[in-house]
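There are 2 protein chains.
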Amino acid sequence: MKPIRVGLLGIGTVGGGTLRVLTRNQEEIMRRAGRGIVITTVADQDTARATAAAGAGVRITGDAFSVVADPDIDIVIELIGGYTVAKDLVLAAIENGKHVVTANKALLANHGNAIFAAASRKGVMVAFEGAVAGGIPIIKALREGLTANRIEWIAGIINGTSNYILSEMRERGLAFDTVLAEAQRLGYAESDPTFDIDGIDAAHKLSIMSAIAFGIPMQFDKAYIEGIRALTREDIRYAEELGYRIKLLGITRRTDRGIELRVHPTLIPKRRLIANVEGVMNAVLVKGDAVGATLYYGAGAGAEPTASAVVADLVDVTRMLTADPENRVPHLAFQPDQLADTPVLAMEEVETSYYLRMAVADRPGVLADITRILADEAISIDAMVQKEPPEGADQTDIILLTHLTMERRVNIAIARIEALPTVFGKVTRIRQEDLS
Amino acid sequence: MKPIRVGLLGIGTVGGGTLRVLTRNQEEIMRRAGRGIVITTVADQDTARATAAAGAGVRITGDAFSVVADPDIDIVIELIGGYTVAKDLVLAAIENGKHVVTANKALLANHGNAIFAAASRKGVMVAFEGAVAGGIPIIKALREGLTANRIEWIAGIINGTSNYILSEMRERGLAFDTVLAEAQRLGYAESDPTFDIDGIDAAHKLSIMSAIAFGIPMQFDKAYIEGIRALTREDIRYAEELGYRIKLLGITRRTDRGIELRVHPTLIPKRRLIANVEGVMNAVLVKGDAVGATLYYGAGAGAEPTASAVVADLVDVTRMLTADPENRVPHLAFQPDQLADTPVLAMEEVETSYYLRMAVADRPGVLADITRILADEAISIDAMVQKEPPEGADQTDIILLTHLTMERRVNIAIARIEALPTVFGKVTRIRQEDLS
Chain A
1 MKPIRVGLLG IGTVGGGTLR VLTRNQEEIM RRAGRGIVIT TVADQDTARA
51 TAAAGAGVRI TGDAFSVVAD PDIDIVIELI GGYTVAKDLV LAAIENGKHV
101 VTANKALLAN HGNAIFAAAS RKGVMVAFEG AVAGGIPIIK ALREGLTANR
151 IEWIAGIING TSNYILSEMR ERGLAFDTVL AEAQRLGYAE SDPTFDIDGI
201 DAAHKLSIMS AIAFGIPMQF DKAYIEGIRA LTREDIRYAE ELGYRIKLLG
251 ITRRTDRGIE LRVHPTLIPK RRLIANVEGV MNAVLVKGDA VGATLYYGAG
301 AGAEPTASAV VADLVDVTRM LTADPENRVP HLAFQPDQLA DTPVLAMEEV
351 ETSYYLRMAV ADRPGVLADI TRILADEAIS IDAMVQKEPP EGADQTDIIL
401 LTHLTMERRV NIAIARIEAL PTVFGKVTRI RQEDLS
Chain B
1 MKPIRVGLLG IGTVGGGTLR VLTRNQEEIM RRAGRGIVIT TVADQDTARA
51 TAAAGAGVRI TGDAFSVVAD PDIDIVIELI GGYTVAKDLV LAAIENGKHV
101 VTANKALLAN HGNAIFAAAS RKGVMVAFEG AVAGGIPIIK ALREGLTANR
151 IEWIAGIING TSNYILSEMR ERGLAFDTVL AEAQRLGYAE SDPTFDIDGI
201 DAAHKLSIMS AIAFGIPMQF DKAYIEGIRA LTREDIRYAE ELGYRIKLLG
251 ITRRTDRGIE LRVHPTLIPK RRLIANVEGV MNAVLVKGDA VGATLYYGAG
301 AGAEPTASAV VADLVDVTRM LTADPENRVP HLAFQPDQLA DTPVLAMEEV
351 ETSYYLRMAV ADRPGVLADI TRILADEAIS IDAMVQKEPP EGADQTDIIL
401 LTHLTMERRV NIAIARIEAL PTVFGKVTRI RQEDLS
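Heads up: the protein sequence lines correspond to chains A and B, in order.
Residues 1 to 436 in the numbering used here are what the first sequence lists, from first letter to last.
Residues 1 to 436 in the numbering used here are what the second sequence lists, from first letter to last.
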């Protein structure tokens, strides 16, 4: 089957990430989508940059309008940003019967209603997972995963820049201006940070989620928006003392009197999971009447996280264009004739870290025997605690944390340690994972 | 358009929840699905229970095989459990060309490969969002949301009973047997808790996620499974002292040598979000090469959370049967002709709680003036802190937390407080949300 042909408009950070992810994972993506997905054309005002990024075989043009009119393009990815030219391009692509993938929240928050109406008329998909919370598949969760629910409210940390600034202010006790300047130096904040720190970007994303949650048109113009410029480290510290964290939240809630749609700094009880989302990470908490609270967490921006969402949308469109409806999504995600026979490892072959606890005689040389055995099996020790023996007892606990090693080696070491006359009973072994 | 007709097999906890959610939210679900979804037949061995639960107009039968053969049924929901009769019923439903929705992880982990092969041959969907992590749409995230990624590993807290037991052991310093007995009394653990506490249930779910993540057949028989029976409170305490929490994790990872597939108690650094998932809640952490780590959190079991997933699957099948492929999922989740005109509330009309900070003269009567103003506006105080004035200063900070009140009232109160001669400068106002 011929691959799906994609035209990419704009090859900045996310565009470059999209090209990279599609190329690097092309085999795995094809096994899932049932068909190749190829970016055949890239449009960017900077054609030299586009040529450098795109590699051989990709047509480069400075004229994005030629791409949306190109009969050899099936899907257009719009990553230009803003809502003037981008709007014209998206509407032209739709008019020409092309499916559109975009990560442009400003465009959708301002002109989504018109764009979706045009798309419905022409029978094309406008997919926009990348527009909200970057790589977190929150649009899919809201549109498809939670359809059983009457959604009660959504509260999201949906701007990484402002969350980074608030995290740094709290953890290091610094003032807003100091952290902002640092964030700009590190590339976490733009030279004009208005959209991020004044809550506008968050309000764009919130307007989209609110519409999807409550079945209303997008109404960005009605959102209440307050950013984080006025926050002081004193307030952050006082909130902390009272058991709260301050986060810039986008909140939308259904009440008897109407829909709340608001972005502002918010005190949240420290013990809530979402209060512990730090740095540039995003998280969206959704309350449904049936499911209760669910939370979705991940990177909300960045080249490859956003590309992850853009490419997932490409796969969605490709599956729709390729398979019969009932086979659109393969049961096990990959096409049934594309399953791999990768073996499952026996536990003995698994490499991980370990917590080992053993009861030992409180006597010289015990630790030397144990560490000798571990060294023999090439198991290196990350941390060790020997407990004081209880009053009058001549036995105590040793706890060891190991570095990465193979389960088989640990089995051998445990058997040898248990055979020592100075070790009592069984060694307790619990595996340890860093999960980073 | 005629509603989709559903036959429900088994009306226990989840079956009852499914009926309840479909009935309560029928209007909202129809606005999303584009078509009504009606349970027309319920099969249960206990026909009296089924009659009591189902209400008028629903056919009740003790013979589940008559339902999977009924030409008037479009979708069969299998909620019987186990993998003997359930397997025969699911295969018979598929053979008769019916789409199947199931939350039966034991069935899929043991016979999923055969069931999916049969479904592919007959061109029917077998949807199973409810089989893993209850109401969390993790199957959708893995099969559709993260398709751009080479998945590196998944680590999940996917058994609520064992997570509840571990949380209680840690928080209250109790022994395993004590907490298990209590969990059984409270209904969080079954009278035979083997599947939950010995890791078998988690391994069922993990096998399903592993297959979807890595494009391999389900291989439950190859999983390494170790439960939580042997864990002592000492180990939990020692782990805590070293900066770790112990969780029963299902872990599957792709390595150069093969796929890891293992369930066992695991030490995780306390600072990880997933280490702070407590009680019966579930969470799945997925590492993809493009998106990085994403986390999905919510209720992993229970009547309505699981029903949320079952009904989402019904909507998925219904949308597929109802709309043209490109209109399967409406852009804003609800059908374009079904959008509501619910108004967006002005900020003045929003009800929330508030943090108020003000600089005041360190003088008698100041607090009385402020609390009088708040009382006038019917704003009740949840907490109040008056800071010691710094050495030699005659000015200090007062911080107030309010109960729920309307923004308009707070605006009035703030204006009046700022007009007091004993209050200096502006009152800082930060909104507060409980998010429970």
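Because the hints were derived from the structure by calculation, they are not lab data.
Treat each hint with caution, since some may be false.
Copies of one chain are not kept apart here, so a pair can be met inside one copy or by any two copies together.
Stated by the list, open to error - Derived DMTMM-like pairs (lysine to aspartate or glutamate); straight-line CA-CA distance at most 20 angstroms:
hint : residue 1 : residue 2
1    : 426       : 289
2    : 270       : 171
3    : 2         : 72
4    : 270       : 382
5    : 2         : 28
6    : 287       : 407
The structure displayed is predicted, hence computed values, not measured ones.
Status of the hints after comparison with the structure:
no., hint, verdict
1, 426 <-> 289, "neither (48 angstroms within a copy, 40 angstroms between copies)"
2, 270 <-> 171, "both (14 angstroms within a copy, 17 angstroms between copies)"
3, 2 <-> 72, "within (12 angstroms within a copy, 40 angstroms between copies)"
4, 270 <-> 382, "between (31 angstroms within a copy, 17 angstroms between copies)"
5, 2 <-> 28, "within (17 angstroms within a copy, 40 angstroms between copies)"
6, 287 <-> 407, "neither (42 angstroms within a copy, 23 angstroms between copies)"
When each numbered hint is compared with the structure, violations occur for hints 1, 6.
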